[in-house]
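Peer 1: Sequence:
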Amino acid sequence: MPYASHSLPPSLALRAILAAAALAASITVAAAASCTASIDDMNFGAVDTLAGLSSEGSAQVAISCDGVTESATVVTVCGNLGAGSGGANGSIRRLVSGGNSLDYQLFGDSGRGASWGSFDDTTLGQPKTIQLSASSGTASGEVTLYGSVSAGQVGAATGSYLSTFTGAGAAFYYAEGSTLDCAAPATGTLTQASFSVTASVDANCLIEVEDIDFGLHGIIDSDVTASGSINVTCTPGTNYHVTMGGGLGGVADPEQRLMQSGSDTIIYGLYSDAAFTMPWGMDGGTQVTGTGAGSEQALPVYGRVAPQAAAPGQYSDTVVVTITYN
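Mapped onto mature numbering (1 follows the signal peptide of the UniProt record, and there is no 0), the consecutive letters of the sequence shown carry residue numbers -31 to -1, 1 to 295.
The hints are simulated quantities; they were obtained by calculation from the structure and are not laboratory data.
Ideal Cβ placement from N, Cα and C applies to all residues, glycine included.
A few of these clues could be false.
[Unchecked claim] So the derived label-pair ranges between C-beta atoms look like this: (1) Ser27 x Gly106: 24 to 34 Å; (2) Asp89 x Gln29: 20 to 30 Å; (3) Asp9 x Leu159: 42 to 52 Å; (4) Pro154 x Gly59: 34 to 44 Å; (5) Thr194 x Val289: 29 to 39 Å.
Given only the sequences and the hints, what does the whole structure look like? Please build it.
Peer 2: Right under this line is the structure:
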């Protein structure tokens, strides 16, 4: 049987080789966006837990992408923030200092109404959707992360508080275009960041005083007594001492204070015990000491007017109460 050989003309064979090479090249150079994320540390500073107010903080989140497809106009990023090393109690994150904790939360809006959470734990909130405008193969932008330490934490002990975010605790998924759904399970390409959140609780005390009214009397021929209270609220573990001045008469002896009515006076004393054996004054032997518990502590004050001659009149004195703490 005769054998027939059919070969391509040289020009046709060369064109086929070149076409195959061109096809291979178009597959290997396809563009793919690559993004990085960074988050500034957030520091609430010194938190006044006795003021009844929240403490606010913020940090910048920066995202940068290159290698974006030339035709892409948007890169969508889903920011996921977990509980942090301090953990959480339900929807509230915690800063920790040893065995003590301080409640706080992170938000994606300045009004602090939209909690910033993650796919892994939506009780903390939803992931933050961030859309970056793309141009000439790059995309970048910044958003603000807002924080708030909850008010009313009078039981928080003094100390430095911390929570750190690393790895999956600060995960950002991204994809070109605007179809990436940040409410859905994690998709897209992953990049991670790390940052810390810190705060401190310093020793602090608040003090309130009640007036002492001895009432209306005629001849003072027996002891006249009355009582009041000094109410102290200090951060837990804070040592304090409370002193009382000598009144407007400027006396040094806490049992010889003077109420005045014009030029007339009545001698009286203030004490820390109902038996009137512990005068309350300015020096170390007559001051009252205590340790804060994070709640109000009532320190009773007992007043006594001993028998004495007194002209008719309305008598009064003003005593300065001072609390010193550390």
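Peer 1: Which numbered hints does this structure break?
Peer 2: Structure breaks hints 3, 4 and 5.
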